[in-house]
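Line by line, the protein sequences give chains P, D and Y. Mind the numbering: the first sequence is residues 974 to 1093 in our numbering, read in order. Mind the numbering: the second sequence is residues 5 to 503 in our numbering, read in order. Mind the numbering: the third sequence is residues 799 to 887 in our numbering, read in order.
It is possible that part of the hints are untrue.
[To be verified] Calculated pairs, BS3-like style, for lysine-lysine (alpha carbon to alpha carbon, straight line, at most 25 Å):
hint	chain 1	residue 1	chain 2	residue 2
1	Y	Lys801	D	Lys70
2	Y	Lys853	D	Lys9
3	D	Lys73	Y	Lys801
4	D	Lys8	Y	Lys801
5	D	Lys321	Y	Lys801
6	Y	Lys801	D	Lys65
7	D	Lys73	D	Lys13
8	D	Lys439	D	Lys156
9	D	Lys9	Y	Lys801
10	Y	Lys846	D	Lys70
11	Y	Lys853	D	Lys65
12	D	Lys45	D	Lys321
13	Y	Lys853	D	Lys328
14	D	Lys15	Y	Lys846
15	D	Lys262	D	Lys439
16	D	Lys262	Y	Lys846
17	D	Lys247	Y	Lys853
18	D	Lys310	Y	Lys853
19	D	Lys51	D	Lys262
[To be verified] These stretches of chain D come out as covered by chain P in the derived footprint (C-beta under 8 Å, 3 or more residues):
hint	segment
20	28 to 34
21	109 to 117
22	375 to 383
23	456 to 465
Hints were generated in silico from the structure; no laboratory data involved. All C-beta atoms, glycine included, are put in the ideal place defined by N, C-alpha and C.
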Amino acid sequence: MPVHAYTSDYTGTVRDLAENFHGNHVVYVCWERHLLFSCPFAFLVPPQTSFRTLRDQLMAEAYGAHPQWAQIDWSQVNWSVSGAPFEPQLDKTLEEQGLDHKASLRFSTPGLDGMSGAGI
Amino acid sequence: MAAKKLSLKDKYALLTRDLDWEFSYEERKEAFPFEEFEGIKITDWSKWEDPFRLTMDAYWKYQAEKEKKLYAIFDAFAQNNGQLNVTDPRYVNAIKIFLTAISPQEYQAHQGFAHVGRQYGGVGARVACQMQSLDELRHVQTQVHAMSQYNKYFDGFQNWSQMQDRLWYLSVPVSFFHDARSAGPFEFLVAIGFSFEYVLTNLLFVPFMSGAAYNGDMATVTFGFSAQSDEARHMTLGLEVIKFLLEQHEDNVPIVQKWIDKWFWRGTRLLTVVAMMMDYMLPNKVMSWKEAWGMYFEEAGGALFKDLARYGIRMPKFADQIEKEKEHASHQAWWTFYTYGQAAGFHTWIPTDEELDWLSEKYPETFDKYYRPRWEYAKQLEAEGKRFYNGTLLQLCSTCQLPLMFTEMDDPTLISQRETHYHGEHYHFCSDGCKEIFEEEPEKYVQSWLPVHQIYQGNCGGPDLPGILEFCGINVGNDNLDIKGSPDEQRWKQWKGVA
Amino acid sequence: MSKVYIALQDNDVSRYIVEAIEEDNPEVTIIHNPAMIRIEAEGHLVVKRETVEEKLGRDWDLQELHLNLITLGGNVDEDDDRLSLTWNV
Ligand SMILES: [Fe+2]
Ligand SMILES: [Fe+2]
Ligand SMILES: [Zn+2]
Ligand SMILES: [Zn+2]
């Protein structure tokens, strides 16, 4: 039963459908073990954005304050989407590689596990 | 000879049950339409009894007495400039959170109890809910009155009702009560009357208010304890409700258990904000959040669930997770608010060295290992003139609406994220608890008004941050940012005659 | 056996109520916190009208307890003469 309601065929209005974002999508990104940023980020992006733009502009701006950001060796990074391993293709759009509206991307940077041994 | 005084029991019978009537020309079902759809079976409403046996005449008498005492203290507080007696201006920020995050929920509780107080077929339950509804209205009114004195001297109090509707982190308490109020009448009572009032409001009103006293805030401690004197009755009602439902029919047991599982988790998430108020926002500390949790959740709640075991009720489902979180929740929350301090309606700060030491002492397992290093780094940045603010919007949980700021409890440097799918859409959560709640009723939670998404949809002013904050009722540059250099701090120094 | 508890505002009337509770329940533990007094007992605790009246030196209606009450834990039962708090296990 998708809801316990007095009205037998009750359905709710889905508030966050892609069409409500004026042509943009929301994409979440989490850099593991870098808790200077206490939460994953929510980026508003056109679905035609390339992965390179997401990484080198949006993420760089959001994470750039971290001393380890500049040290990342991108060939060593592990990516996942919804818990499954993911191989980003830099010059394809987010849409083309299945990063759709409200997709959740995580990455870890082996050897760069935050500061002070505390995942900061 | 004077007429014999009625005994409490007789008076309760006359002034409660005797006020009910039989339905002769309407179907009972028509009069109480919401009584059955949740699956709860009531066989005999007359088994309901208020253990305090409070009747309406006595209710008015004692509530009037409480109000008189309370307002005498408010007057004295104002006349003596009591706002100057608080320990330091940082403290007042906890009270700003109280007014914006908690007081409006008193009003929602009032509305909720007024509604269910009409919906039960049993007159005892209706009278008790009516009294509680009036209590909750009293709570919001007295809280607003008490804090109006602070509003004359400090920033951040002026737009509490607008903030409540619009400001991102306030959607957490708002949605909690919307969830309860849009449920059926029995779930509402298990949610608010039992899960919230019996265990969780104690944590808010007892150790926190004792802390307010310890920080020289007589107005807050007085409204807090005055409200809590009503809560003692609400708690008792909550416990009676549970026992009544469980005794009425064995089919009620699994339904009630499911609600307990849900609402203890929702309540625990909600209280994260209180956790950070206790550990970080009271300059003089009474007890840590972890200690308060041990006393009111583990000890008092444990006793309660042992007592309920005879009905087949067990501890709330996520109790193990909850127990681990007491070591982390306040630290993770205050760090989040500190790093998003430009987008908050109150001031934030780095704990002083003495406070860091107190936290180490109170949290020997976790603080030095995981949390002190963050503050040391923040101090370093601040000393370099680069006070850290996080400028990117964050991901929110589709159920509790808090940011995904909690970590895996067995791996405390790894953020906890959970995901589910419904009708082809992704939904994200802070925890297994929130994910399960969503999966039980997706048609309800697909409607969550998640502030970050609302901002991105263009519904919250802006699109720049000052514009969004103004839309929320924040006086930008005064209400937000660090306490250091704030107008609050400057005024305080003037009043106290320090440079 | 679990602990029942009652917490009262730390004021002039409560002081006598606490005295009465101590007299009627010799086993209780009394804890003083800022602005509040917490009283705990194993399994059972009773507040008796008569004893409170004796301490206060005036008539006292049990329902007046609500004026000073902060919180309590345990199954409640109240009549004209006593309020009791109990856990069964
Ligand atoms: Fe209340
Ligand atoms: Fe209440
Ligand atoms: Zn959540
Ligand atoms: Zn997904």
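Exercise. Checking against the hints above, which ones are violated?
Worked result: 1, 3, 4, 6, 7, 8, 9, 13, 16, 17, 18, 20 and 21
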